[in-house]
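With the hints as constraints, model all of the structure from the sequences given.
Chains as they are written, first to last, in our numbering: chain A, 1 to 721; chain B, 1 to 197.
None of these hints come from the bench; they were simulated from the model. C-beta atoms are modelled at their ideal positions from N, C-alpha and C, and glycine is treated no differently. Check before you lean on any hint, since a few could be wrong.
[Unchecked claim] Just a sample of chain B residues kept apart from chain A, beta carbon distances all over 10 Å, derived:
1) W13
2) A34
3) R36
4) A48
5) G85
6) P126
7) A134
8) R152
9) V175
10) V188
[Said to hold, decoys possible] Derived EDC-like pairs: lysine to aspartate or glutamate, alpha-carbon spacing no greater than 20 Å straight-line:
11) A/K171 with B/E131
12) A/K702 with B/E70
13) A/K702 with B/E26
14) B/K66 with A/D694
15) A/K702 with B/D19
16) A/K171 with B/E128
17) A/K350 with A/D687
18) A/K323 with B/D155
19) B/K66 with B/E78
20) A/K171 with B/E101
21) A/K158 with A/D168
22) A/K221 with A/E339
23) B/K66 with B/E20
24) A/K158 with A/E613
25) B/K66 with A/D687
26) A/K323 with B/D14
27) A/K350 with A/D699
28) A/K702 with B/D155
29) B/K52 with B/D93
30) A/K171 with B/D110
31) B/K66 with B/D110
32) A/K600 with A/D215
33) A/K158 with A/E665
34) A/K183 with B/E128
35) A/K702 with A/D680
Chain by chain, the residues:
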Amino acid sequence: MDDKTDNAPSITVQAINPARHSARRQMLFFTVVVFLTSVATWLMADILWRGGLSGMETVTLALFVPLFGMVAFGFTQAVFGFVTLLLRRDTYEISVTLPPGEPSPAQLPATALLVPIYNEDVSRVYEGIRSMYLALSGSGAISRFDFFILSDSTDPNKWIEEEVGWIDLCKQLNGFGRIFYRKRHIPLNRKSGNISDFCRRWGRRYRYMAVLDADSLMEPKTLVRMVQLMEANPQTGILQTAPQPIQAETPLARMLQFAGHCYGPVFQAGLNYWQAGNGNFWGHNAIIRTAPFIEHCALPALPGPLHARFMSHDYVEAALMRKANYQVWLAYTLGGSFENLPPTMIDCAKRDRRWCRGNFQHSWLLMARGLHPINRLHLSLGILSYLCSPLWLIFLVLGMVEYHRETLQTSRAFDADIGISSYLDIGGGRLALILFCVTLAMLTIPKFLATLLVVIDREKRRAFGGAFRTLTSFVTEHLVSALMAPVLMLFTSLSVVCVLTGREITWGAQRRDAGGIDWAALLRAHAWHTAAGLVAAELSYRISPVFFWWMCPVTIGLIFSIPLSALLAHEGVGRVLNRVGLFRTPPETDVPLMVSHMEKNLAICRSQVPPPEWLRKHYGVAQVLLDPYINAAHVSLLRAKRKVSYPSAAYFQKLSDRLLTLGPEALNRRELLALLRNADSMVAAHDRLWRMPDRQLPDWWKMAMRHYNVLTGRPMSPLYR
Amino acid sequence: MDLPLDSIALPPWDPARADEWNAAYETVENYLRACRVGSRLQRARLAALILKRVYDRTQAGEGEGKGLSELAIMEVRERIADWIGRYLPPRADGRPRHLGEGMLAIYLCDGPVRWPYAFLDSQRMPAEFSEALAARVVRAGPDLSVSSMVPREIDLGLMPELVGSAMGAFESVPVLRALLVWLLFLGVLGFLFWYTR
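Here's what the structure looks like:
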């Protein structure tokens, strides 16, 4: 690998200097946002201010400003993006700096592809790596890229599965020396700690590192282009691609996948319009200039008594990179960058809960000295995106209370001839209806504009399954998202409350049935949504039948949250949607070669009969003790230790005794991990297990031996070939 | 390692320990299967050879107090270690390879799968198998190129520091937390009072 050290010449082309014009763009963009928000706030104030503004009305108005502000922000971004894409000209898109012609691999500097993993589906991760490796080999660029699987897994079985899979993968691809595996025994500081660990060990060997997620896929052309772009723009510290969702199976995932492909480009173009070189890092599918990252992006502990670490490290790293005068760009036109989506609403909620906690931590940085204002805005928008849910909830509750007060009064102040409505001669009620419709339009128009861009382009239209299917998908997606919105609002509100009160929410593992639905989890997660919906419907009806209809967009989604969530998680329904072409996306019409390879290989992996449930739970432990090769491989990957002290040796001996005489169930996860980390214990336990007379073996080990290599044709591995 | 596989002979029939010999055979066969010796014939040949060696040893008074299965596993592992010692080149510093390294080399070159009849045979060792064994090394990572990546303190400004110390106070003095909850509760009561007037 020494031939790969960072000595490649830099490519020099005209780099983008964003400082000159981006300020003008930002001024224009935010002027529109402020204008729209101000006008809407004025109208709202006009509606509420009928003979004075009560305390509750003041709060309602104050809540309206950020809520509408976010709507206006999204709308403006989409409109600017639409215009940019329609004109097909964005001089501030970093891809315009790509040097002409295909680069020869020798020109590319050394780049590390980092795949941090944490208790992931090993087959999926490794088949993704296989596809990328083979594609890079095919393109002739493999000599300039090294893969690093950086494991922080805390599940003993996953750990062994990863090791076995890595060796199998390297054997199959002849990838030793190109695909590396590193397991941290103490997963300090989560993913950012994992990346930092790589940087400390091997960072100096690579000019760039591309950070991938466990479910990421990137085409070789994209990877090469990213390196080229970094070379062409030496002031760029991070280059983020726009990952496109793939492999969606459930209706929800298919819907989100359609939204990502159809609406995504418009929003990304709009985002790039105003942020230019002050972009953000989304944590994966991005390339990073290693040296400044090492120099400036090590994350300190958070203030406070617990000295917690940043959970959402990406935004902070982008802010620190900008602080160090390196640009951060969104290469939204590159393509060839893929990721997977959560399949169910509950999975979405789980992911959001993590992100919510991480984003709220960013509040510490809002006033940090030296950060670029746009980075402060990114951090604020991240917080606000989660805060909007409880704000909307409070807004709805206050709205109900306010309406109730109105109905109790004998004279309807709402219809008083006052303010702007008196000039328009429409009354406060109708003005409220107009504002409501405008808001709905501002939520719909961005999606409509994005769909329009697809429909007017023959190539895109074909890729999305034709104009009719695209429009039907747009309408269906819009209606279903409207139904989902209040449910997600309650989920996020709960997450926010838990984050603010420092409480954990546990969801438990899902047990899916044949259609991929876990009914018990659905009931646990959505029963309170249904109850909240029923209460809100009842109250609104009691207040006034008219108000009941106003509240229907919110209450219907809540009341039917259980069937809605079940329907959206049903894999069979997803397959039907796929067959009829609803929510079709370009990668489904023209499947990228790399994706089809991966899917084919994964189908082979998953067609194998898995071990029985009781063995599956501890399959890795069984493998490492029963299989002489896997035992040897595992021990060879453990760090050689100095002589273990007597108390430690006695502790390991005790654990080993329990494992062999009582079975793996007798040890908890921490004990199993401790034992697996000790090379001497592993060698001795393997030897002892095979030597133990049958009568001394517990039933678990007897059955495991029989199943491991007698009943099954060959030991199970995450990679069958 | 003195016997080629061609000259195997089964241990003589011993009715008194028939079950024990049977269990020993099963253990050896299972172990060989775990070593990916896929051929039943080859497994049977190797198992018979190993049991014969165990028999000879017990006749010579070795392995007192040990069961036949245990002796058989010891024998098979010894045989593997001898075989590795013979065919796997020593380390660069001249030290012999240990069993684990040898097993890993065999696994990496898929020895028992690609050369099923050569594995553990003292005489038939194809040159490709020897070369494949010698060539296999595992590198979990490239040579280290250590960097110092030290977190720099971020100047968070005055407000977060104040909030941080307030949070610290709340964490360390539970009465403050309780006081806050009581105030919130009183606030809600006050609001309800005001609203219902």
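So, going through the hints one by one against the coordinates:
1. W13: It holds; B/W13 is separated from chain A by about 22 Å at its closest Cβ, greater than 10 Å.
2. A34: At roughly 5 Å from the nearest Cβ of chain A, B/A34 sits no farther out than 10 Å, so the non-interface label is violated.
3. R36: violated, 7 Å
4. A48: Its Cβ never comes within 10 Å of chain A, the nearest being 19 Å, so this holds.
5. G85: At about 15 Å from chain A, B/G85 clears the 10 Å cut-off, so the statement holds.
6. P126: The assertion about B/P126 holds, with a minimum of 19 Å to chain A.
7. A134: holds, 14 Å
8. R152: Non-interface label fails for B/R152: nearest chain A Cβ at 7 Å, not farther than 10 Å.
9. V175: Holds, because the least Cβ-Cβ distance between B/V175 and chain A comes to about 16 Å, which exceeds 10 Å.
10. V188: holds, 13 Å
11. A/K171 with B/E131: holds, 16 Å
12. A/K702 with B/E70: Roughly 15 Å between the alpha carbons, so the hint for A/K702 and B/E70 holds.
13. A/K702 with B/E26: Distance of about 12 Å is within 20 Å: holds.
14. B/K66 with A/D694: holds, 13 Å
15. A/K702 with B/D19: holds, 17 Å
16. A/K171 with B/E128: holds, 17 Å
17. A/K350 with A/D687: Judged against 20 Å, a Cα distance of about 43 Å means the pair is violated.
18. A/K323 with B/D155: holds, 12 Å
19. B/K66 with B/E78: holds, 16 Å
20. A/K171 with B/E101: holds, 16 Å
21. A/K158 with A/D168: holds, 15 Å
22. A/K221 with A/E339: holds, 17 Å
23. B/K66 with B/E20: holds, 12 Å
24. A/K158 with A/E613: holds, 15 Å
25. B/K66 with A/D687: Holds, at roughly 14 Å.
26. A/K323 with B/D14: Roughly 83 Å between the alpha carbons, so the hint for A/K323 and B/D14 is violated.
27. A/K350 with A/D699: Judged against 20 Å, a Cα distance of about 38 Å means the pair is violated.
28. A/K702 with B/D155: violated, 60 Å
29. B/K52 with B/D93: Judged against 20 Å, a Cα distance of about 37 Å means the pair is violated.
30. A/K171 with B/D110: holds, 9 Å
31. B/K66 with B/D110: With Cα atoms ~33 Å apart, B/K66 and B/D110 exceed 20 Å; violated.
32. A/K600 with A/D215: holds, 16 Å
33. A/K158 with A/E665: holds, 16 Å
34. A/K183 with B/E128: The hint is violated at about 33 Å.
35. A/K702 with A/D680: violated, 23 Å
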